[in-house]
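From first to last, the protein sequence lines are chains A and B. Okay, so the first sequence: first residue is 1 according to our numbering, each after it adds one. Okay, so the second sequence: first residue is 1 according to our numbering, each after it adds one.
Hint data in this document are derived by calculation from the structure and do not stem from the laboratory. Glycine residues also receive a C-beta, built at the ideal position from the N, C-alpha and C atoms. Hints should not be assumed to be uniformly reliable.
[Claimed, not checked] With a straight-line Cα cutoff of 30 Å, these simulated DSBU-like cross-link-like pairs (lysine-lysine) come out:
id : chain 1 : residue 1 : chain 2 : residue 2
1  : B       : Lys-69    : A       : Lys-414
2  : B       : Lys-6     : A       : Lys-223
3  : B       : Lys-259   : B       : Lys-269
4  : B       : Lys-110   : A       : Lys-421
5  : B       : Lys-6     : A       : Lys-266
6  : B       : Lys-51    : A       : Lys-414
[Said to hold, decoys possible] A short list of chain A residues far from chain B (calculated; beta carbon distances all over 10 Å):
id : residue
7  : Leu-185
8  : Trp-329
9  : Pro-393
10 : Gly-444
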Amino acid sequence: MNKPLFLKRLLEIIPGGLSWSIIILLIALAFLNPVSCAVIIISFDFYWIIRTVYLTILLVMAHQRLFQQKNENWLKACQGLSLRLGFAQLYQVVIFPVYNEGLEVLRPSLAALSASDYPQDKIIVVMAFEERSLEARKHASILEKEFSGKFGAYLSTFHPDGLPQEGRTKGANATWAAKEARKLLDARSITYEQAVVSCFDADTCVDREYFACLAYHFLTSEKRHQASYQPMPVYNNNIWQAPFFARLVEISSTFCQMIESMRLEKFVTFSSHSMSFKTLVEIDYWPTNMISDDSVIYWKSYLYYNGDYRVIPLYVTVSLDVAYSSNIWRTIVVQYKQKRRWAWGVENFPFVVSGFIKNKNIKLSNKIRRSFHLLESHVTWAVWAVILVVIGPLPAVFGGSFFNQTAIAYNLPKITGLLFKFTLYTSLTWIFLSWTILPPRPKGTSWLKHVFLIAEWVFVPLIILVIGSVPALDAQTRLMLAKYMEFNPTLKGNKML
Amino acid sequence: MYTFQKIRSLLFFLSVLLFCTGLPVILSYALGYKFNTRSFKFVKTGLIFIKTQPAQSQIYLNNRLIPEKTPASIQELLPGSYKITLALEEHYPWEGQVEVEAGKASRVDKVILFSKRPSLQQLSREKFSSFRVDQERKMVYYLDQEKKLVYRSNLDASDLEDIASLPDSFSQINGWEISPDRKKLFIFNYRQINVIHFDVQNDYEYPLAPVFLEYPQSKVLAVFWHSDSYHLVVFTDKHVQVAESRPGALPVNLVELNKAGPDAFYDTKEDVLYFSDTQRNSAGILQNNLYKLELSADLDLLQRLINPPFSQPKPAAKEELSE
Chain A
1 MNKPLFLKRL
11 LEIIPGGLSW
21 SIIILLIALA
31 FLNPVSCAVI
41 IISFDFYWII
51 RTVYLTILLV
61 MAHQRLFQQK
71 NENWLKACQG
81 LSLRLGFAQL
91 YQVVIFPVYN
101 EGLEVLRPSL
111 AALSASDYPQ
121 DKIIVVMAFE
131 ERSLEARKHA
141 SILEKEFSGK
151 FGAYLSTFHP
161 DGLPQEGRTK
171 GANATWAAKE
181 ARKLLDARSI
191 TYEQAVVSCF
201 DADTCVDREY
211 FACLAYHFLT
221 SEKRHQASYQ
231 PMPVYNNNIW
241 QAPFFARLVE
251 ISSTFCQMIE
261 SMRLEKFVTF
271 SSHSMSFKTL
281 VEIDYWPTNM
291 ISDDSVIYWK
301 SYLYYNGDYR
311 VIPLYVTVSL
321 DVAYSSNIWR
331 TIVVQYKQKR
341 RWAWGVENFP
351 FVVSGFIKNK
361 NIKLSNKIRR
371 SFHLLESHVT
381 WAVWAVILVV
391 IGPLPAVFGG
401 SFFNQTAIAY
411 NLPKITGLLF
421 KFTLYTSLTW
431 IFLSWTILPP
441 RPKGTSWLKH
451 VFLIAEWVFV
461 PLIILVIGSV
471 PALDAQTRLM
481 LAKYMEFNPT
491 LKGNKML
Chain B
1 MYTFQKIRSL
11 LFFLSVLLFC
21 TGLPVILSYA
31 LGYKFNTRSF
41 KFVKTGLIFI
51 KTQPAQSQIY
61 LNNRLIPEKT
71 PASIQELLPG
81 SYKITLALEE
91 HYPWEGQVEV
101 EAGKASRVDK
111 VILFSKRPSL
121 QQLSREKFSS
131 FRVDQERKMV
141 YYLDQEKKLV
151 YRSNLDASDL
161 EDIASLPDSF
171 SQINGWEISP
181 DRKKLFIFNY
191 RQINVIHFDV
201 QNDYEYPLAP
211 VFLEYPQSKV
221 LAVFWHSDSY
231 HLVVFTDKHV
241 QVAESRPGAL
251 PVNLVELNKA
261 GPDAFYDTKE
271 DVLYFSDTQR
281 NSAGILQNNL
291 YKLELSADLD
301 LLQRLINPPF
311 SQPKPAAKEE
321 LSE
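Please put together the full structure from these sequences, using the hints given.
And the structure:
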């Protein structure tokens, strides 16, 4: 095995190896030295409670910012900006990578775009279809008829299948579309500095003021080209229709993203996001052979700018579909696969660390800090629920009579129970906040649904069990064993996305 | 955003501080360590966990009342022996000596504090000789040897009814039992077994006349109902027999006994009889052996034995279980 390949495999093995080592070690300790295991469990529980309370406070702060900025008139703010900042010349390139999504998914996304308060002649829409998709041409033609006159420019692109160095990924399609958009910008003599590109999931419905908010932040930020702009994803498109399980998971995802927006030193792009077109061209577009293109684009930029690259949170929402299926079991499977795909973001670790090794201009402390954050977040994701739910009771079960006579055996459930009482208060906060971000109740939906929306939070422990750690552990194990995942679009609202 | 980041940094450092200071406290508490303010040293302590039934009893530790009430754990006790007294009003107190070891939990969790005024209730004012409680059907059966009557009531004795009359000729009842289907009972003494059907609606296909089984040559030690509520398993000093509970039925000797012991147990669920018998061992010494006789699997055999010839009882096979 040559050296680069060996390094790549080593870095691929580290996250999964670490997660499995922690789990196996703790299980072995529960048998061999239950007192030590109990000490670790209590320490972890205490750490987890403090972390939960800390993150909940961050969530409240992010929520406050979201509601503060919701009432801002961003367009007016942009128009009030100095002329030299160039709002009047700023173009928005919006790329929708499409695979098999039907018109019922694509139409609302384009309709939301056309309802934006941003000058429509400055919006360039690129519907990026896959050539291999059977209905691509038909859908492209229908949508062109309906929407092409509403924007400054409207392009339909068809990404050829099987190009060299490419996987069947969303990033490959988005890259093809961005290159086509580049030709259009060149043809219209629009410089890349004048364009902001947004890469949206096909089901993304932007808020009316999204582009104005984006433009304001883009124009007023220092080193505007060295930043990505991340809106808050909410899953409001079909949240009232989605089953409780999927709804809870997606609300939790929104909350996680909101929390991350408060931790700027760790903040990474996720799902639908925007950035300078100039930067996109300079870093050679999205990766064409990686599944987690949304986060890898950030890391590519970070490496390209020698660590001087950041993600700026936009406290404005983009609404997506909740992924669900026809019954609860299928929904669990759909959600599991989606979370596993997200957890496949662990592929960023070898990408980033090998990038750090090659790049001599990034400070070592930054390299260590960012690598540690990346590794820690993925390993924690893979082990936390296992430690709390599976390993927690093991010392008492397998500790034997000697352990059960010890003070710690008696105190373990008592302390754990007491600590977790604190999570009740954080849960109440989460319930309240989830209620505030809900879209208006659709006509014909009983007000009792509000009560159900609150009551269904009792199922959180079940959700933790099913999709807490297992998808992450699954993804890391696959990476560890070099069983690379392929991009599988998620089933959302009974439609493939 | 800058202000938010400052608050966040402050929160982060507070969280780290809380973790670093709180964890040693929590862990030392969990492991049973206590800081001795006099010696300025950590000492390893133990704890006593006390649980009583009923709860909320007062706890005296070495004759000193402590604020906690049961269930409670008395933490941070130095190793040694402690006198525990548990007191609850109107209940008998409990007292005991408990050893506390460093880092260990001593449990006093099987304490029942019995009431000084037990809940005693007179259920029945009727006169009777003996009774049986049927937990499954929540009934009580009474036998009045004087009036020669059998009664039945619910568990509160509030719904008493006559259900059968005993034969006048039957003197001295040694034992009785209600059949599993609760439609009849047997009574027996050393020489006689009598099956009496209740005076209530029944769906038997066979006659309901009283059944008398006479034992002039042997002594009836115990009688049991077979689970079919029709056969009787009779344990005499000479044989283990089965007999149908119908007039004129001839019993079948299943096992011949040498010298039956006083004990026999019948498992009605499995239809198995456990009994003891005396046998001479290889050294020529008499000793008691335990036997198990299965009557469920061989029910067909049992019917063949009983029904066709009604002839001489066959010599019974003896199954030895243990020596």
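Does A/Leu-185 sit more than 10 Å from chain B, CB to CB? Correct as stated: the minimum Cβ-Cβ distance to chain B is 31 Å, above 10 Å.
Reported absence of A/Gly-444 from the contact zone with chain B (all CB gaps over 10 Å): Non-interface label stands for A/Gly-444: nearest chain B Cβ at 40 Å, farther than 10 Å.
Between the alpha carbons of B/Lys-6 and A/Lys-266, is the straight-line distance 30 Å or under? Holds, at roughly 16 Å.
Hey, does A/Pro-393 actually stay past 10 Å from chain B on C-beta? holds, 16 Å
Least C-beta distance between A/Trp-329 and chain B, which was stated to exceed 10 Å: holds, 39 Å
Hey, B/Lys-259 versus B/Lys-269, does the alpha-carbon distance stay inside 30 Å? Measuring from Cα to Cα gives roughly 27 Å; hence the hint holds.
Regarding the pair B/Lys-110 and A/Lys-421, is the alpha-carbon distance no greater than 30 Å? OK: B/Lys-110 and A/Lys-421 at ~28 Å, within 30 Å.
B/Lys-51 and A/Lys-414 were given as a pair; does the straight-line alpha-carbon distance stay at or below 30 Å? Within the cut-off at roughly 15 Å; holds.
Between B/Lys-69 and A/Lys-414, is the straight-line Cα distance small enough, at 30 Å or below? holds, 17 Å
Given the proposed pairing of B/Lys-6 with A/Lys-223, does the C-alpha separation stay at or below 30 Å? Judged against 30 Å, a Cα distance of about 22 Å means the pair holds.
Comparing the model with each numbered hint stated earlier shows that all of them hold.
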